[in-house]
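A.B. asks: Construct the complete structure from the given sequences, taking the supplied hints into account.
Take a look at the letters that make up each chain.
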Amino acid sequence: MELRKSYFADQRKDDLHEIGQPRPRSDSPGHVTGKTTYFADRNFPGMLHLKMVRSPHHHARIRSIDTSEAEKHPGVVKVLTAKDVPHNVYTILILIQIGPEDETVLADGKVRWKGEAAVAVLAETERAAQEAAAKVKVDYEVLPAVFDMDEALKPGAPIVNEYHGRNYYLYDSGECRKVRFGDVEAGFAGADHVLEQTYQSSPIEHAPTETTGCIVAPEGNDRFTCYTNTQAMFFTLDNTSIILQMPGNKLHFVGGTVGGGFGGKVDVIVEPIAILGAKLTGRPVCFIYSREEEMQISSPRAAEKVVIKDGVMNDGRIVARKVTGYTDAGAYSRHSPYGAQKGAGHYPGPYTIPNVWIDTYCVYTNRTPSSAMRGFGVTIGDFALEVQMDKLARLIGMDPLEFRFINAYRDGDMKAHRQPTEGAALIECMQEASRAANWPVAEKFMAMSSYAKGA
Amino acid sequence: MAKVPVQFTLNGAEKAEFIDSGTTLLHALRDKIGDTSPKGGCHQGTCGACSVIIDGELRLSCLTLAEACNGATITTTSGLSEGGVLHPLQRAFLDAFATQCGFCTPGMIMAAKVLLDHTPNPSREDVVEALSGNICRCTGYEPIIQAVLTAARSNSQNAA
Amino acid sequence: MTLALQTFATVKDAGAALKAAGACYLGGGTLVVRAANEGDVSISGFVRSTEPALSAVAVSDNEVRIGASVTMAAIARHPDLAPLAHAARVVGGPAIRNMATVGGNLFAPTPYGDFTVALLALDATVSTGDGELPIETFLAKRESNDAIVTAVGFTLPKEGGFRFLKVSRVKPKGVSVLSIATVLEQAPDGTVSSARVAFGCMADRPIRARAAEKALIGRKLTADGIAPALAVARDGISPPTDPIASAWYRNEVLPVHLGRLLLA
Ligand SMILES: Cc1cc2nc3c(=O)[nH]c(=O)nc-3n(C[C@H](O)[C@H](O)[C@H](O)COP(=O)(O)OP(=O)(O)OC[C@H]3O[C@@H](n4cnc5c(N)ncnc54)[C@H](O)[C@@H]3O)c2cc1C
Ligand code: FES
Ligand code: FES
Numbered sequence: 001m002e003l004r005k006s007y008f009a010d011q012r013k014d015d016l017h018e019i020g021q022p023r024p025r026s027d028s029p030g031h032v033t034g035k036t037t038y039f040a041d042r043n044f045p046g047m048l049h050l051k052m053v054r055s056p057h058h059h060a061r062i063r064s065i066d067t068s069e070a071e072k073h074p075g076v077v078k079v080l081t082a083k084d085v086p087h088n089v090y091t092i093l094i095l096i097q098i099g100p101e102d103e104t105v106l107a108d109g110k111v112r113w114k115g116e117a118a119v120a121v122l123a124e125t126e127r128a129a130q131e132a133a134a135k136v137k138v139d140y141e142v143l144p145a146v147f148d149m150d151e152a153l154k155p156g157a158p159i160v161n162e163y164h165g166r167n168y169y170l171y172d173s174g175e176c177r178k179v180r181f182g183d184v185e186a187g188f189a190g191a192d193h194v195l196e197q198t199y200q201s202s203p204i205e206h207a208p209t210e211t212t213g214c215i216v217a218p219e220g221n222d223r224f225t226c227y228t229n230t231q232a233m234f235f236t237l238d239n240t241s242i243i244l245q246m247p248g249n250k251l252h253f254v255g256g257t258v259g260g261g262f263g264g265k266v267d268v269i270v271e272p273i274a275i276l277g278a279k280l281t282g283r284p285v286c287f288i289y290s291r292e293e294e295m296q297i298s299s300p301r302a303a304e305k306v307v308i309k310d311g312v313m314n315d316g317r318i319v320a321r322k323v324t325g326y327t328d329a330g331a332y333s334r335h336s337p338y339g340a341q342k343g344a345g346h347y348p349g350p351y352t353i354p355n356v357w358i359d360t361y362c363v364y365t366n367r368t369p370s371s372a373m374r375g376f377g378v379t380i381g382d383f384a385l386e387v388q389m390d391k392l393a394r395l396i397g398m399d400p401l402e403f404r405f406i407n408a409y410r411d412g413d414m415k416a417h418r419q420p421t422e423g424a425a426l427i428e429c430m431q432e433a434s435r436a437a438n439w440p441v442a443e444k445f446m447a448m449s450s451y452a453k454g455a
Numbered sequence: 456m457a458k459v460p461v462q463f464t465l466n467g468a469e470k471a472e473f474i475d476s477g478t479t480l481l482h483a484l485r486d487k488i489g490d491t492s493p494k495g496g497c498h499q500g501t502c503g504a505c506s507v508i509i510d511g512e513l514r515l516s517c518l519t520l521a522e523a524c525n526g527a528t529i530t531t532t533s534g535l536s537e538g539g540v541l542h543p544l545q546r547a548f549l550d551a552f553a554t555q556c557g558f559c560t561p562g563m564i565m566a567a568k569v570l571l572d573h574t575p576n577p578s579r580e581d582v583v584e585a586l587s588g589n590i591c592r593c594t595g596y597e598p599i600i601q602a603v604l605t606a607a608r609s610n611s612q613n614a615a
Numbered sequence: 616m617t618l619a620l621q622t623f624a625t626v627k628d629a630g631a632a633l634k635a636a637g638a639c640y641l642g643g644g645t646l647v648v649r650a651a652n653e654g655d656v657s658i659s660g661f662v663r664s665t666e667p668a669l670s671a672v673a674v675s676d677n678e679v680r681i682g683a684s685v686t687m688a689a690i691a692r693h694p695d696l697a698p699l700a701h702a703a704r705v706v707g708g709p710a711i712r713n714m715a716t717v718g719g720n721l722f723a724p725t726p727y728g729d730f731t732v733a734l735l736a737l738d739a740t741v742s743t744g745d746g747e748l749p750i751e752t753f754l755a756k757r758e759s760n761d762a763i764v765t766a767v768g769f770t771l772p773k774e775g776g777f778r779f780l781k782v783s784r785v786k787p788k789g790v791s792v793l794s795i796a797t798v799l800e801q802a803p804d805g806t807v808s809s810a811r812v813a814f815g816c817m818a819d820r821p822i823r824a825r826a827a828e829k830a831l832i833g834r835k836l837t838a839d840g841i842a843p844a845l846a847v848a849r850d851g852i853s854p855p856t857d858p859i860a861s862a863w864y865r866n867e868v869l870p871v872h873l874g875r876l877l878l879a
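Just so you know, the sequences run in chain order A, B and C. Residue 1 is where the first sequence starts when you use this note's numbering, and the numbers rise one by one after that. Residue 456 is where the second sequence starts when you use this note's numbering, and the numbers rise one by one after that. Residue 616 is where the third sequence starts when you use this note's numbering, and the numbers rise one by one after that.
It should be emphasised that the hints constitute simulated quantities derived from the structure, not laboratory data. Take the hints with a grain of salt, since some may be wrong.
Unchecked claim - Quick list of in silico lysine to any residue cross-link-like pairs, SDA-like style, CA-CA up to 20 Å:
no., chain 1, residue 1, chain 2, residue 2
1, A, Lys114, A, Ala145
2, C, Lys786, B, Thr528
3, B, Lys458, A, Gly75
4, A, Lys35, B, Lys458
C.D. replies: As structure tokens, this is what we get:
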């Protein structure tokens, strides 16, 4: 590995001993010998297995649930439904005072996506839990469902989630997050070219090699230890405490090495119900997603739709950018209102544009609730923005890298959301990329700096 | 519940256990015998994290019934290092940054070991083929491929 | 609530045990243990037989008999089965091949069953305790089969007479978009004198492509010669849509790949 020390040389003392040096990972010896402990590498005597009965429908009213046959099944110890959950409301970001309280732990009266948890079965063996789960009878009245954001936003679309009463999240700023900077319409009017394009993505599953799960052991003093592969320990503690109406000091969470997360393990889904099971049975409980559950049930990256309209001059300056972003939250909010908001903050990309208009919507559909994944809210946006940048460069017959130098933000530039740019390094990154990729640009771009305009 | 005896050699040691009939080898190893180096990533044969070596052949312990292994010789990644000295493959995985979360690592090392046992000087294609049943979601595979090639080279140097 | 395994020394005894409700024969287990792990409650127990004949491969005078328990790995490395090695080697990854049996492959639903596509083109016979059946007949009613398959038998085609192609997106190990096997005989002038063509992933199980076979007779293996066969290749197919490919895509690419295989 080569560390280029010429960039920003005046901003640091060149006495780094560790940075730039390869060092062995501290966890590797455990990994290569198979000794690293993952949450599931524990086994407690008398441990029960939890299996979830899930909705086979995208949208349905639950007329009734009959667990009597399942309860009689050999090996079954407990069957849980909504009424067993002390506070049956799940709100991932409640710790940082962000709602909404629009989701349940176990379905109560309705299911809003195919795979939604309805009944939890706890049994002596995994097999017994599976067999009993197959005996739970849920009587559903199937309701019309909506799977597409455009359809969901049309008047008369089936309402996905009554909590909201409409198929989008209502921000304090209204139906979307907004950024307004300069006069975008005047910008388009004065532009040499205007290009509007739509970009869309499908949900993406993280597919970690280790599936989501936890093992709970009662400590015998009304305290419970939960071994989990969560990526969000304190969100988990907080939510579990609220859902189970138990003080936090009764909950002992133990994390550790996670077998791949990529953002997919930030939802507090398995822990509250497993701890409840342990509490009500007095037995250790394990709840581990099957591979199918990991792929179908765990939240994916949201599907997104991004409409970008740009005004560009023949000399390469982008003079106006209007972005409308749509984030498909699926049936419940989880992190998506925040993801859509992040999108609003992230557009118009790392470029200095005098006239900007951003609207980002968080839309509800009857799809698997989406949530965090590596740079959610910005990754798909960046894809759209950078494809758009290439198209704009082509439109005006300019080298795509040089086009980006012209528009790159630099220290002191005012960003659209009125935060002055600080510590920019885009120019230098592109200079190095130009060298590394053997993609030469004009000398004047290689002489630029992020520090000051004209430098 | 019908318990049945199973007996096999695991990493050089005799093991005998009573298990529920129909238990997979993965569960028997992890929950009964306490060797948690094989990992359960899918229980459907697609991830390879549960790979072990049975009588010299690579097998998926999640799809193998423990009773079918009576009398067999089984190797897992936890049995590779001797006296605290890492096996060349373990060393190479460590040096090449071929582990990130590490969940795939024990299975990868098993698949690589079977390859090197039969093909001491593999080509890159041989390595890719040998690891093709093992999924890694973190590394992008390249460091793993390099680690196996490096281990093969260090083996042949030692042999020379 | 237990999934007991019963092991029998003879196929006959195993066959009797298999009559019990929910009992399922265990080959390599790559499909049934997987199903059980995933909570398939229709399976209540496994039955297997360790009769040595099930694991035997016999080749004499080009007549081949492969025991039902023989694995894909064993076929791939068997010196007398070299023409079939490729078709065995494309099944799963190395560990799957060490487990996956010929017997199990006959029951594998689409998109699996690649080796069975080869057997179908070879016009194999399937032996069970109840006797022998042509593979096509066997496949057509495999759901109702309750006998243990003991072996498959076929005649090895002449050198170069057997061709096999599996198309998958992930390489080297990937599930089939489709697979194709052909057994062709050619007259000295190069015209096709007999043809058997089998497709995988063009229905819920491997199927023969009768129209294409007929259209090949008397034709040479040139672009023009095979054109009529490619034109009717889709006759009678009903490919599925699954995570690997859509029905539309399979339908579109079938003639392309058949053409490549015939011209190879
Ligand atoms: C990760 C993965 C990848 C795979 N990739 C492929 C692939 O690329 N191509 C492909 O073709 N397949 C693939 N498969 C499917 C499967 O491995 C093969 O089809 C294999 O040949 C099935 O054989 P088995 O012995 O494991 O079957 P088993 O699981 O043991 O049995 C399958 C079915 O056949 C019945 N059966 C088995 N043997 C007999 C017998 N002798 N008599 C009567 N009934 C019998 C069983 O009762 C069961 O219903 C894959 C599977 C997995 C898990
Ligand atoms: S757990 Fe066995 S292959 Fe994934
Ligand atoms: S290192 Fe995480 S799956 Fe391979």
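A.B. asks: With reference to the structure, classify each hint as holding or not holding.
C.D. replies: Results of checking the hints against the structure:
no., hint, in the structure
1, A:Lys114 <-> A:Ala145, "10 Å, holds"
2, C:Lys786 <-> B:Thr528, "31 Å, violated"
3, B:Lys458 <-> A:Gly75, "16 Å, holds"
4, A:Lys35 <-> B:Lys458, "29 Å, violated"
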